[in-house]
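Got two chains here, each in a separate frame; can you build the complex from them with the hints?
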Amino acid sequence: MAQAIRMALHYAEEHLGVTDIFGEDVGPPLGGVFTVTQGLSTAWNTPLDERGIVGMAMGLAFAGQRPVAEIQFCDYAFNTMDLLKLAGQMCWMCNGDWNLPMVLKTPVGAGIRGSIYHSHSFDAVATHLPGWRVVMPSTPLDAYGLMISACQEANPVMFLEPKALLRVRGDEPIPGEPADPRALSKMIDAPLGDRSGWRPQWPALSAYAVPIGKGKVVRPGGQLTVVSYGRMLPLCAKAADDVAAEGVDAEVIDLRTLAPYDWDLVKASIEKTGRALFVNEDTEVTNFGEHLVRRAVDELFYRLLAPPRLLAGKAVPGVGLADNLERASVPQPPEIAAAMRELAALAP
Amino acid sequence: MAQLVRIRDELPLPRDLLVRLHDLMVQARALEERLISMYKSGHGYFWIGGPGEEAFSVPLGLLMKKGQGPAYDFLHAHYRQSGTILALGEDPVGALRQMKNTASDPYSGGRNFGGHYSIRRLNVVPVTSTIEVQYLMAPGTALAQKRHGGDAITIVTGGDAGTAEGDFASCLLWTTRPGQELPVLIVVTNNQWGISTPAATVHATRNLSDRGKAFGMRTKTIDGNDPIASYQELAEAMAYVRKERRPFLLEAKVSRLYGHSSASGANLVAEEQDCLRGYEAKLERYGVLDREQMDAVRVRHAEALAQAARAVIEEPQPSPDSIWDHVFAPKDGG
Ligand SMILES: Cc1ncc(C[n+]2csc(CCOP(=O)(O)OP(=O)(O)O)c2C)c(N)n1
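Taken in order, these protein sequences are the chains called A and B.
Using this note's numbering, you'd call the opening residue of the first sequence number 1 and step up by one each time.
Using this note's numbering, you'd call the opening residue of the second sequence number 1 and step up by one each time.
Worth flagging that the hints you see were computed from the coordinates, not collected in a lab.
Treat the hints with care, since some could be wrong.
Restricting the straight-line Cα-Cα distance to at most 30 angstroms, the calculated cross-link-like pairs of lysine-lysine (DSBU-like) are [what the hints assert, rightly or not]:
(1) A:85 x A:314
(2) B:243 x B:253
(3) A:216 x B:331
(4) A:214 x B:331
(5) A:267 x B:331
(6) A:238 x A:272
(7) B:331 x A:85
(8) A:238 x A:314
Same shape as in the complex, but just chain B (with noise of 0.2 angstroms):
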């Protein structure tokens, strides 16, 4: 007892956090679980997400600024990233619309693939399925950003393959032209894999963020599976391209808990280290959640889930003929 009151005591982040932090990397679960099972059962064509991703995906969404245009933190994702979505506080009904590509789906209204976010009024760039082309647009945003004054970053994201392309240098470039360096967060998750390809057979790099010290950046590889540490070392890395209006080069190795999408089955993989069973050994032995408590978190938003699933499954598809609309943008810009 005294030992536990003792721990309590040293609690990492507070209490409120842990908790918060623990929901949403449930939800985040429960949501993939519920896209998959969607997808298995017909009721969505592919699935590609984050399972297994979420003790970093969460604390990003956390540790952003919310709001939109440029005195807001943009968001340039790549498809497994629903936790953060989630954690900006996002409805999950949304991702079960897209799934389903129903007429209502808010980010693509049935046109595009599950985890393919778009969401102007929080500065969520549309998400697309070209590997890397993210890392291009990310200066711009910045750019915009420096240019309006405060403390406003952009964030982009994407996997450890993907840094095999062009695109992936050239944001490292962009960031740190001499006097024009950018506030741009760049993170690589590094789950090891390019679908079937191991990134050990293609990255002769120790680490892939050292590749930002040649550019004379802030790098470090951090522990994606710590939900905890990722709070820490994103905030930190945060706080440091808000103050100083420059890159930092942010690499997170994670796990890749139900394989790369649908493509290859979407089944659980149990050699992968799952940070959320991870992080309930934490808070249990911390004494902020016991297993009941945790157990009910988990079937508060299982259940939640399916019963929204059931109604999306219902919803209208989008009619033939929208597939005119927003071919062009009117005048204003809509």
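Same shape as in the complex, but just chain A (with noise of 0.2 angstroms):
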């Protein structure tokens, strides 16, 4: 995935008006912490200060430029709150005087066991931001499109990266991208050592976009509604594909934007299935899945076979590190599954 938003981000400043994409440590020679911005032409390092860098963006922004901001990981955004709700207010805030093109992008999530301080969820706090589109994909080939997508929006978008899939594969190549994952390798990632010389050699890729706003169905089913997102989206995939053997037959929907979010898929699926899970590791108190529960209760409340559900994150200070505080703390594979058995077998 990390190649997938790398090569989205070139063809951006190839082709689409990105001007500048930055961070602490996401210029020359490192290239991001998890190499996503790596042999970028228009990526810089800036001082460590992440008021500093939201504070750049917006003002790149205001000017017409198109800037690509990054939050080293998002657990290092809380001090930039005011600033992210500012973002999102601008437009409305001038009655539509003025508008933010630009893209925050930031690494969220457990699942690399990244203890307190690597390990936050943002999308709780990303979707109490209005005025902002936030997006978090989970696959490369929907990281590519969203990251298309967002550096042609014309406002503030949220690029929230999975942390524990940006070093996975797809299944579902990016156009242009060789089928060797070797020789991609060899024509992007910056060598060890000395980088000094080194230039990538980029494939030719196209603006394939996935539309912000839309979601996805998965995997089709016809018992429960399984909504997810980011990291947890391949582990429902899986757990779903488990218990199918059980004769447990659920749909799980990718949302991929959180705002604005798919409530149309999400409403149709549930009036098919009448039970609905929502799962994601953000902690679960005032948790965006809680809002997600809140409107299906709302409008579909005679349609539901069963109370639909919230499988999130535990309400404590942070992800712990050790093994089993890190599993106790966010939703594990078996507990996805056992969620889907209990809700499946729940009938008025």
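Here it is as structure tokens:
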């Protein structure tokens, strides 16, 4: 997925007018702590100042540039909160006088044993900031397509990168990507050691775009609707396959965009199945999934066969480092499968 | 008489500029006083503004390169900058509309407090209540300007107390990265107060401008109550930023003539130095304008604003369903 985002950013700086890709250690020689920005011609290193980074993005966007800014880990975006709120407010506050075409990308979530300050989720916070588009891919191809869309937006877009998936290879190739992963790596991954003379060889890429606001049914089913995104999505898809052997027929939806989310898709599915499970790894109190539960109850109450359910992270102050602690803090495959079984068995 | 002629010959600025400065300062003062009276008579929920800062804010606006986009100056202002906005040629009726939060308010459609300007066609980015964040955005517009080429600069303004925020230090740092210096005129208008907290109890630095020295930038502290000195110092600082494409930290000592805001009563503070009074005495001494002429200027602006306000208070409020407008910009940016 890291390569997919990198290729999308390359396409965007070549063809979509992206002028600046910046953040802490984003430029050469490192190209980002997850290598997402290696070899990009407009990538540069900023001072270690998250507020400065967000302010720079806003200023560049005001002046007609097209910035893509990075906060190294979303755990370090909390001190930019008022700026994120302002960026989302800007167009509304001045009654449409100005708009901010900017992308803010940041790695989120657990799954890499990142301990307390590299495991936070940001979906609840991000969706509390009206005026932002918020996207979160679960596959490399969607990551590519969503970044292409983000770089064409007239409004601020928060691009949440599920960090545990950044090293995952997708089933569907990026249009233009060589079939052999080693060939791609040779072309666009920076070499170890001295990189000063290195230049990437980009494959011929295209403007493949995933529209913002559109979810996707990744596994059709008739008995139960499972809505997820980001790192939890492949776990949900796998759990759905596992419980299928026991006769539980789950439909799995990848939301892909959290704001504005594809309610039409979710609603149609719940109307069909009568059962809904929302899965994410953010802490469960005042969770984005809670909003979806509320909306399902409000709008679909008489179509429901069981109470909609949320499976999310525990409401504790952080994700602890030890294996046992991380596993106990965020949803694990057996819990997801168990929740599916339980929900499927419920009937009025 | 001989004395008078001699002084006339040595006017510190061209006569028409002195007259223009006076006219705009009076208009800015009359605007703030009208806004305060609107607030006090129930035609606004809150007042905050810049009476007492006209000697600095007006020359700043006159010296800006007006226009839209990176070829022109950008202004990242705080909420005391009406004088600058009027000097850019803006019709003061907009400020009245914002005070009355009418649908016709050109800066926020009735959404924001008075003094919170937003004028895209003049590169005035939206004023926010959040202290000091403008110092973080200024480097961004300046980077675009430096890249664009030409002599346009970014101007950022704010008060003394706000410099305690890390955002101020961020601005000093982001505008002086070695080899990446940025054309920003960094202004601090020092009125010695942060609401009720005296600056002297917070800031150990002798001059706030001294903070720029650690970053190797040019700095100066000036008398912002003197419009002539302000004009000259601003002209020099702006010329430097335009040409060298580097930042300049300018601290202007100003007055807070009606207190912090309506929250503290918005009443005239007699002990504060009034820049307009000092300037009018000078203009009389120079023989540029006499008392009668200056009184006429005041009456003209005060009456025009009173009349405009009478019309504005009859204008409709925004409709309830307008809350949904402009949450997002259309694809092309609108
Ligand atoms: C971040 C933030 N904190 C607190 C406030 C509340 N507040 C509004 S004005 C002000 C004092 C500002 O003083 P100074 O920077 O000296 O500017 P002045 O108002 O004196 O011109 C405060 C604390 C705010 N608007 N924003």
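Consistency of the hints with the structure:
The hinted pair formed by residue 85 of chain A and residue 314 of chain A meets the criterion: a straight-line CA distance of about 26 angstroms does not exceed 30 angstroms. In summary, the hint linking residue 243 of chain B to residue 253 of chain B is supported, as the alpha carbons are separated by about 26 angstroms, within the 30 angstroms threshold. For the hint linking residue 216 of chain A to residue 331 of chain B, the alpha-carbon distance of about 23 angstroms falls within 30 angstroms, and the restraint holds. A threshold of 30 angstroms between alpha carbons decides the hint, and for residue 214 of chain A with residue 331 of chain B the separation of about 16 angstroms falls inside it, so the pair holds.
Simply put, residue 267 of chain A and residue 331 of chain B have alpha-carbon atoms about 27 angstroms apart, close enough for the 30 angstroms limit, and the pair holds. Simply put, residue 238 of chain A and residue 272 of chain A have alpha-carbon atoms about 21 angstroms apart, close enough for the 30 angstroms limit, and the pair holds. Between residue 331 of chain B and residue 85 of chain A the alpha-carbon distance is near 21 angstroms, which keeps this suggested pair within the 30 angstroms criterion. For the given pair, residue 238 of chain A sits about 22 angstroms from residue 314 of chain A by alpha-carbon distance, which is consistent with the 30 angstroms threshold.
In terms of the numbered hints stated before, the structure departs from none.
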